[in-house]
Amino acid sequence: MSRLQILGIAKRMGIQTMRSTWTIPYLILFPLFFIGVYWFAFSTSNIGNNQTFNLGILNQDAGFGDEMKTFLNNESIQNEMEWFPHSPEIIEKGFGFEVINVLKDLQYTTDSESENLFNIHNFNTSNELELALEKRNLDVALVFPQNYTNASLSIANNYWFTEYEFYLHELLQANFSDFPDFPTNVNGTIQIIGDNNYLNYKISNSILSVFLSQYHDMSNIFGTTGGKLLLNVNEDFQINIPKYSFFEMMVPGLIMFAIIIEPSLFSMFLCNEFKADSRTFDRIKISPLSPRSYVFGSLLIQIPILLIQTLLLFLASLLLGFQPYGNIVLGFLIACLMFPFAASLNYITAAFFSDENVAGTVTGFGAPILGFMTGAFVDTPKIVLFQNSFPIASGMARDFLLWDLIPLTHGVNAIRQVLLYDFTLEMVIYDLIAMLILSGVYLILFILIYIKMRFK
Amino acid sequence: MVRKAHIYTIRCLKQTFRNWEAYIQIFIIPVVLLLSFAWLYGEGSGYDVGHEHGDHFKVGVINQDNLTSLTDVLPLFNSHIKDNETLIGNPIEEGFGKIFIDNINGSKNLLPSNDSRRMSILNIDNIEEAATAVQNRFLSLCFVIPNNFTQTLLAGINHKINITEGYTVSNSTKLKLSEASVELIGDMSYFRFTEAMNLLEEQLRHFIFFFSGLELESKVDLEHIKITTDNFTEFHTFIPAFFVMTLLMSSAGITYILAFERDRGTIDRLKLSNFPKDDLVLGLTLTQFITTALQIIVFFLTVYFLGFPGKIDLFLAVFVALLSIVPVLAIGILSSVQLKGEIAFFLPGMLSLPLSFLTGSFIPLPKINLIGEIQVWHLNPFYSSSEALRKILFLNYGLNQITFELLLLIGVSLPMLILSALLFRKKIYLT
Numbered sequence: 001m002s003r004l005q006i007l008g009i010a011k012r013m014g015i016q017t018m019r020s021t022w023t024i025p026y027l028i029l030f031p032l033f034f035i036g037v038y039w040f041a042f043s044t045s046n047i048g049n050n051q052t053f054n055l056g057i058l059n060q061d062a063g064f065g066d067e068m069k070t071f072l073n074n075e076s077i078q079n080e081m082e083w084f085p086h087s088p089e090i091i092e093k094g095f096g097f098e099v100i101n102v103l104k105d106l107q108y109t110t111d112s113e114s115e116n117l118f119n120i121h122n123f124n125t126s127n128e129l130e131l132a133l134e135k136r137n138l139d140v141a142l143v144f145p146q147n148y149t150n151a152s153l154s155i156a157n158n159y160w161f162t163e164y165e166f167y168l169h170e171l172l173q174a175n176f177s178d179f180p181d182f183p184t185n186v187n188g189t190i191q192i193i194g195d196n197n198y199l200n201y202k203i204s205n206s207i208l209s210v211f212l213s214q215y216h217d218m219s220n221i222f223g224t225t226g227g228k229l230l231l232n233v234n235e236d237f238q239i240n241i242p243k244y245s246f247f248e249m250m251v252p253g254l255i256m257f258a259i260i261i262e263p264s265l266f267s268m269f270l271c272n273e274f275k276a277d278s279r280t281f282d283r284i285k286i287s288p289l290s291p292r293s294y295v296f297g298s299l300l301i302q303i304p305i306l307l308i309q310t311l312l313l314f315l316a317s318l319l320l321g322f323q324p325y326g327n328i329v330l331g332f333l334i335a336c337l338m339f340p341f342a343a344s345l346n347y348i349t350a351a352f353f354s355d356e357n358v359a360g361t362v363t364g365f366g367a368p369i370l371g372f373m374t375g376a377f378v379d380t381p382k383i384v385l386f387q388n389s390f391p392i393a394s395g396m397a398r399d400f401l402l403w404d405l406i407p408l409t410h411g412v413n414a415i416r417q418v419l420l421y422d423f424t425l426e427m428v429i430y431d432l433i434a435m436l437i438l439s440g441v442y443l444i445l446f447i448l449i450y451i452k453m454r455f456k
Numbered sequence: 457m458v459r460k461a462h463i464y465t466i467r468c469l470k471q472t473f474r475n476w477e478a479y480i481q482i483f484i485i486p487v488v489l490l491l492s493f494a495w496l497y498g499e500g501s502g503y504d505v506g507h508e509h510g511d512h513f514k515v516g517v518i519n520q521d522n523l524t525s526l527t528d529v530l531p532l533f534n535s536h537i538k539d540n541e542t543l544i545g546n547p548i549e550e551g552f553g554k555i556f557i558d559n560i561n562g563s564k565n566l567l568p569s570n571d572s573r574r575m576s577i578l579n580i581d582n583i584e585e586a587a588t589a590v591q592n593r594f595l596s597l598c599f600v601i602p603n604n605f606t607q608t609l610l611a612g613i614n615h616k617i618n619i620t621e622g623y624t625v626s627n628s629t630k631l632k633l634s635e636a637s638v639e640l641i642g643d644m645s646y647f648r649f650t651e652a653m654n655l656l657e658e659q660l661r662h663f664i665f666f667f668s669g670l671e672l673e674s675k676v677d678l679e680h681i682k683i684t685t686d687n688f689t690e691f692h693t694f695i696p697a698f699f700v701m702t703l704l705m706s707s708a709g710i711t712y713i714l715a716f717e718r719d720r721g722t723i724d725r726l727k728l729s730n731f732p733k734d735d736l737v738l739g740l741t742l743t744q745f746i747t748t749a750l751q752i753i754v755f756f757l758t759v760y761f762l763g764f765p766g767k768i769d770l771f772l773a774v775f776v777a778l779l780s781i782v783p784v785l786a787i788g789i790l791s792s793v794q795l796k797g798e799i800a801f802f803l804p805g806m807l808s809l810p811l812s813f814l815t816g817s818f819i820p821l822p823k824i825n826l827i828g829e830i831q832v833w834h835l836n837p838f839y840s841s842s843e844a845l846r847k848i849l850f851l852n853y854g855l856n857q858i859t860f861e862l863l864l865l866i867g868v869s870l871p872m873l874i875l876s877a878l879l880f881r882k883k884i885y886l887t
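Chains as they are written, first to last, in the working numbering: chain A, 1 to 456; chain B, 457 to 887.
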């Protein structure tokens, strides 16, 4: 193995790579295209970030009976029941109407510029409603039953009885003797309808369920005389976490994924070397060139390609509006450290396939599988190998998962924490060490396989 | 013309299948792809975070519950609390905060159903430590038990006894009206946060109910209705996107044959023999169509044998899938004359993932209307085909209900194919 041989191989491959008409445009355009597609698709998406959901409503609520309406319109009764929602519209249309009004005005924060939680769309038939859900014009739908107002009155009445051992209407009848009885034990079912395969439904269903449970919690209306427990999200803490668009949340994973898939163009060049008709490998084998010189030469030429591509990926992300909270230089260095693993994938592909078409397919299928396994796009299931065994920042230890055997997992974790949450080098050091050790192991192993398959 | 194209197609097919690696590409790789994703996101993968048998959540707690201010009233509750043998531990001695944590970590009694334990709680010292653990996603969330947690629960128990048995355990003013706020620390953009929050809330409600019985019985029930009749996993939801990935991966077939033909000098010989360009285009297109169709059949058979929960109209699904080959042919023809060398084989792999994300199957796309019901995403023919497949697979739609998607698919991809073929005719004997 000599330095001249290594440089010679690197130079030859470099010239060969650059001679291909489309290589340079590809190397420049692909980062822009790759990040650009996700920017186009998700920069305006506000999934999980003050998202406004399209809520369809089928209100079948029959409202109050005529006799009750007459009483509720009585001003002195209204004064007696201040806690009772008694606008003329509610008395005319019932509590279903009231809930819809509350839903319509519901906002994420009390800030006047805050986003609404729901865009309300009213429907007259369940068929129309279902069709809109199927077309995904709606994220979720609510159906109020015909007896919704009566069931709501029943809840209030029963609550009062549980708390004070007499019914609410009895309280009113003390002053207005002919006041009719409120219903008791009336069951009503609100239906929340949606497509369980649709992410927007899953999120909005959860929000609606919490809202409706709290809305029907009578202790919120009447107040409790005993203990009351609240569950609040700490707003002060939320302020410390920067608000990212959905696209920005994806950027660290996309960069790391692109770094392992982009240099795989090089695996096609390697395949081409030992195609039967190119004969390059036959000539290499009979020359004094050692396999190690060949491998080191081919490895060397991949470094500048990767550096340029990584730089372009970062530039493309910044151009398209990604504003990292953390240290971008540290993020860039972490991305560059993914190089040994990216290169190792080229060697393992070229070890087994000589057909560029098939190698392209293997890369095209294999890389996304790796991307999904390592949580580069969506979260991964937790398959625990060793419990509480992998050290993380602040002296704790997390579970070592199956995916931790892949260096990309550690790379994605580290770059996400650095770019999105401003973690320092010390805080991501364990992931970096794991990434480097694993990358080195894979690189050596795959190169050995490559040499064994191609040189012997 | 057709006869020559037919002969050329057979020749190309023979040539394709002479290479053993082509079998891997057509028959093995789609199966491996689907098996991998079924393992990742299918039934029993542990990914179903929204379902009962889903992931295990690690949650942090900062327990500030304080018993010292209650030393005078605590013993009064001893007999009432001792009666409750459902939970482990003695809250009078250790406080309700610690007992809640111990019961989550050590028993199944707080679980809403006969489920396996899905949450474990770790003690965290301070907010800073909690913030770091939440940000690096070690913890799904961290909650703070306030110093008046036990006091509030005692107030509830006191009130409950007052209502049901007509006396108060303690008249201490501390227990008249108490409100405790359990604070949550978490990253709301992380989807495990919401799931963990719901689980924690449910378990907290159970806990409070066991001791104070204060849970209110609501007569307005919530019923969750799915518009699909079966339980689909994430893997099933992603199938239209995997289909698009598979389709695009096959688009380099024409390039492969053409490169082979060029290397052997066949193109020069065809040119000299005045072999009609149309026959060449048709022959290559048919070859690509047949190999991609085989790949599609393998794809759907794998989906079927992996156990699709719904009733699949396999013929309609395959019909839509076959129509979806049209844009693949357009891409294949175009790249075969425009791109040369390794890049032509490499490009489909690069396109497959971004385009599969543009189907909206992985993550919903925002609505951007173009004209009427047509959205900007419909300009991507694979979006139309994946939408049609979604409706067939998950909503049991028939042919007449997916005509909108099919018309858009053909409307966009046919001009693409014609333009590509024209360009191919123009350039094939020049290169």
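One should not assume that every hint holds.
Distance condition first, Cα-Cα at most 27 Å in a straight line; then the derived DSS-like pairs of lysine-lysine [unchecked claim]:
#1 B:682 - A:135
#2 B:823 - A:202
#3 B:733 - A:202
#4 A:135 - B:883
#5 B:616 - B:727
#6 B:460 - B:767
Chain A side only, calculated, beta carbon under 8 Å to chain B, not exhaustive [claimed, not checked]:
#7 120
#8 123
#9 199
#10 391
None of these hints come from the bench; they were simulated from the model.
By construction, the Cβ of each residue, glycine as well, lies at the ideal position given by its N, Cα and C atoms.
Comparing the hints with the structure gives:
1. Annotation: proposed proximity of residue 682 of chain B to residue 135 of chain A holds, straight-line Cα distance about 14 Å (limit 27 Å).
2. Between residue 823 of chain B and residue 202 of chain A, the direct Cα distance comes to roughly 18 Å. Compliance with the 27 Å bound is thereby established for this hinted pair.
3. Between residue 733 of chain B and residue 202 of chain A the CA atoms are separated by roughly 53 Å; this puts the pair beyond 27 Å, and the hint is violated.
4. A C-alpha spacing of about 43 Å is found between residue 135 of chain A and residue 883 of chain B, which places the hinted pair above 27 Å, so the restraint is violated.
5. The suggested pairing of residue 616 of chain B with residue 727 of chain B is violated, with an alpha-carbon distance near 95 Å, which exceeds 27 Å.
6. A distance of roughly 42 Å separates the Cα atoms of residue 460 of chain B and residue 767 of chain B; the hinted pair therefore is violated under the 27 Å criterion.
7. Contact between residue 120 of chain A and chain B, as hinted, is not supported at the beta carbon level, the nearest pair being about 16 Å apart and thus beyond 8 Å.
8. Checking residue 123 of chain A against chain B by beta carbon gives a least distance of about 14 Å; that is not within 8 Å, so the hint is violated.
9. Below 8 Å, beta-carbon pairs count as interface contacts, and residue 199 of chain A has one with chain B at about 5 Å; its hint therefore holds.
10. About 10 Å separates the beta-carbon of residue 391 of chain A from the nearest beta-carbon of chain B, more than 8 Å, and the hint is not met.
Of the numbered hints listed earlier, those contradicted by the structure are 3, 4, 5, 6, 7, 8 and 10.
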